Amino acid sequence: MAHEFLIEAHGLSRRYGSHIAANDISLSLRKGEILGLLGPNGAGKSTTMKMLAGVLAPSAGTVMINGVSLADDPKRAKQSLGYLPELPPVYPELSVDEYLRYCASLHGLRRSERAAALRRAKQSCGLSEVSRRLIGNLSKGYQQRVGIAQAIIHRPAVVILDEPTVGLDPIQILEIRRLIKALGQEHGVILSSHILPEIQAVCARVMIIHRGRLVYAEPLATAGSEGFRTIIAGFLRMPAFDVLLSVPGVGEIETLAGNQVRITVNNAGDDPRAAIADAAAAHGWGLIELHAERRTLEEIFVELSTGDAHALQEAA
Amino acid sequence: MAIVLTIARTEARRIFVSPLAWTVLAVLQSILGVVFLLLILDYAQNPRGPESSVGLSDYIGGGLYSFATLVLLLVMPLLTMRLFAEERKNGSLTLLLASPVSLIEIVLGKFLGLFAFIAATILLLAAMPLMLLVGSNLDLGRIAAGLLGLSLMMMALGAAGLYVSTLTREPTIAAVASFGLLLMLWLMQVLSSQPGWIGKLLGYLAMVGHFENLRRGIFSSVDIVYYLLFTVLFLWLAVLQLDSERN
Numbered sequence: 001m002a003h004e005f006l007i008e009a010h011g012l013s014r015r016y017g018s019h020i021a022a023n024d025i026s027l028s029l030r031k032g033e034i035l036g037l038l039g040p041n042g043a044g045k046s047t048t049m050k051m052l053a054g055v056l057a058p059s060a061g062t063v064m065i066n067g068v069s070l071a072d073d074p075k076r077a078k079q080s081l082g083y084l085p086e087l088p089p090v091y092p093e094l095s096v097d098e099y100l101r102y103c104a105s106l107h108g109l110r111r112s113e114r115a116a117a118l119r120r121a122k123q124s125c126g127l128s129e130v131s132r133r134l135i136g137n138l139s140k141g142y143q144q145r146v147g148i149a150q151a152i153i154h155r156p157a158v159v160i161l162d163e164p165t166v167g168l169d170p171i172q173i174l175e176i177r178r179l180i181k182a183l184g185q186e187h188g189v190i191l192s193s194h195i196l197p198e199i200q201a202v203c204a205r206v207m208i209i210h211r212g213r214l215v216y217a218e219p220l221a222t223a224g225s226e227g228f229r230t231i232i233a234g235f236l237r238m239p240a241f242d243v244l245l246s247v248p249g250v251g252e253i254e255t256l257a258g259n260q261v262r263i264t265v266n267n268a269g270d271d272p273r274a275a276i277a278d279a280a281a282a283h284g285w286g287l288i289e290l291h292a293e294r295r296t297l298e299e300i301f302v303e304l305s306t307g308d309a310h311a312l313q314e315a316a
Numbered sequence: 317m318a319i320v321l322t323i324a325r326t327e328a329r330r331i332f333v334s335p336l337a338w339t340v341l342a343v344l345q346s347i348l349g350v351v352f353l354l355l356i357l358d359y360a361q362n363p364r365g366p367e368s369s370v371g372l373s374d375y376i377g378g379g380l381y382s383f384a385t386l387v388l389l390l391v392m393p394l395l396t397m398r399l400f401a402e403e404r405k406n407g408s409l410t411l412l413l414a415s416p417v418s419l420i421e422i423v424l425g426k427f428l429g430l431f432a433f434i435a436a437t438i439l440l441l442a443a444m445p446l447m448l449l450v451g452s453n454l455d456l457g458r459i460a461a462g463l464l465g466l467s468l469m470m471m472a473l474g475a476a477g478l479y480v481s482t483l484t485r486e487p488t489i490a491a492v493a494s495f496g497l498l499l500m501l502w503l504m505q506v507l508s509s510q511p512g513w514i515g516k517l518l519g520y521l522a523m524v525g526h527f528e529n530l531r532r533g534i535f536s537s538v539d540i541v542y543y544l545l546f547t548v549l550f551l552w553l554a555v556l557q558l559d560s561e562r563n
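So the sequence lines, in the order shown, correspond to chains A and B. Note that my numbering numbers the first sequence so that position 97 is 97, with each residue one more than the last. With the second sequence counted from 1, adding 316 to any position gets you my numbering.
Treat the hints as calculated values from the structure; they're not laboratory data. One or more hints might be untrue.
Unchecked claim - Covered stretches of chain A, as calculated for chain B (at least 3 residues, CB under 8 Å): (1) 50-61; (2) 83-96; (3) 100-107.
As the list claims (entries may be wrong) - Computed Cβ-Cβ distance ranges for the label pairs, DEER-style: (4) B:G349 <-> A:I171: 52 to 60 Å; (5) B:V548 <-> A:P219: 52 to 60 Å; (6) B:W552 <-> A:E303: 49 to 57 Å; (7) B:T488 <-> A:A201: 41 to 49 Å; (8) B:F332 <-> A:E303: 53 to 61 Å.
To be verified - With a Cα cut of at most 35 Å, we get these calculated DSBU-like pairs of lysine-lysine: (9) A:K75 <-> A:K31; (10) A:K140 <-> B:K405; (11) A:K75 <-> B:K405; (12) A:K181 <-> A:K31; (13) A:K181 <-> A:K75; (14) A:K75 <-> A:K140; (15) A:K181 <-> A:K140; (16) A:K181 <-> B:K405.
Everything numeric in this text was worked out from a predicted model, so none of it was measured. Ideal Cβ positions, reconstructed from N, Cα and C, are used throughout, including at glycine.
Please put together the full structure from these sequences, using the hints given.
Shown next, in the form of structure tokens:
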């Protein structure tokens, strides 16, 4: 069944009494896409993911999984879902094999398919050596891997991972990232994290949630390119400021170390870079460096989660 | 339906790989073994003639089973507390909730898994009186009626405990609360001696009364239906509770 969007969520809200954990969140996920949900602790990431996974009913809003409504036909919708909650949902008294076989049959895998699915999931998550051990005796990192294996064993169209790398050591984190990237080629993946580099390392698109609201949603590639306000220029010979100021679009100039200047543009959207290059050529300043100062995801994240989110949202 | 059996199988396995079930069975067997022995000694010391209305099956089987109900009342909450409360506490309940499985299937699966434990208890309880077959003439019908009554009663106790288990995330609270609920249902029997319709109503609602008939070898469909209704009611309440939790 081919649908353009694997997940389509509209206006998801969730209230606990008077507390609003998630407010009017809409998102969509295409096949072959990895979407990162970023936000400080308690921002509403887990609540949003629970609603997407059908574990929590939204107070308002709808979720379509692979074209099937999660509210109207939960069984069919959930067949295309793999979900790893914050706490890996494992049974400590079962062995890894027993547990994963159970998960496979819960998701309706036939007996004949189970062995192959089990082998593949264990291989993907590096669990082959611990197959026969009891989950309760495994380390936190291994339990987390069992949780991920559980979410992908039935090859769902959508994989939802809530903080998948918590409790893992650096090498395991790299392995899991590689696994997530591989998953992202065939499936759609949503993962949450409060760790920025993680999102930057694997996600194609990022959404920042703050106080239950979606405050930022952009492809990662463009996270830096939109709306720069400052330009860094380096010259061999320092130009006269009044000449530089007369270049259209140039607002203020601040000298930096090593013959560099930071130029603030007059209005957001102005791009005086070409004009500066022309002026440099005309006056023989010896231009050696010229680039827009880009806002990194980190700056955006810190700004959004410390500053007034609403004002920023309106400005964006 | 196949998924219910899948869940039941895993639940039963989880019950029996945990030391709790074995400990419970061992303690149960020791206590009931002592009671059984005392009953035999008592019967041997006060032999009743063939004209007596209380036979061996009645005296020993019946006596053992009526004592067993009391012990089971204490034991069932310990097993039912795991079903939902403990799973909720360690987060594993999400596995079932996120799977393409309906709440009814989850509840039925867990209940059937619990039934494996009930069956094991019944086997142990059947073995003791049946040993007497070697040297005596047992009324197998009576023993069977008693065992049927016990299984029905355990089902009812289990269903009530399962429901209470859905209400909380603390296994100990689930155990204490279901124990309280079961004991209340038990005590209704005492109040049923009150005159008038209240006494009659309470007597009808009380759990023990219905067991009493079966223990005495009276197979009446009213008692069977009582236990089945009781079980279905609490399983249904559990489904409703789980559903309201999602919302």
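Here is how each hint holds up against the structure:
no. : hint                          : verdict
1   : 50-61                         : holds (count 5)
2   : 83-96                         : holds (count 11)
3   : 100-107                       : holds (count 5)
4   : B:G349 <-> A:I171: 52 to 60 Å : holds (55 Å)
5   : B:V548 <-> A:P219: 52 to 60 Å : holds (54 Å)
6   : B:W552 <-> A:E303: 49 to 57 Å : holds (52 Å)
7   : B:T488 <-> A:A201: 41 to 49 Å : holds (43 Å)
8   : B:F332 <-> A:E303: 53 to 61 Å : holds (56 Å)
9   : A:K75 <-> A:K31               : holds (21 Å)
10  : A:K140 <-> B:K405             : holds (17 Å)
11  : A:K75 <-> B:K405              : holds (25 Å)
12  : A:K181 <-> A:K31              : holds (13 Å)
13  : A:K181 <-> A:K75              : holds (27 Å)
14  : A:K75 <-> A:K140              : holds (31 Å)
15  : A:K181 <-> A:K140             : holds (22 Å)
16  : A:K181 <-> B:K405             : holds (32 Å)
In this structure, every one of the numbered hints holds.
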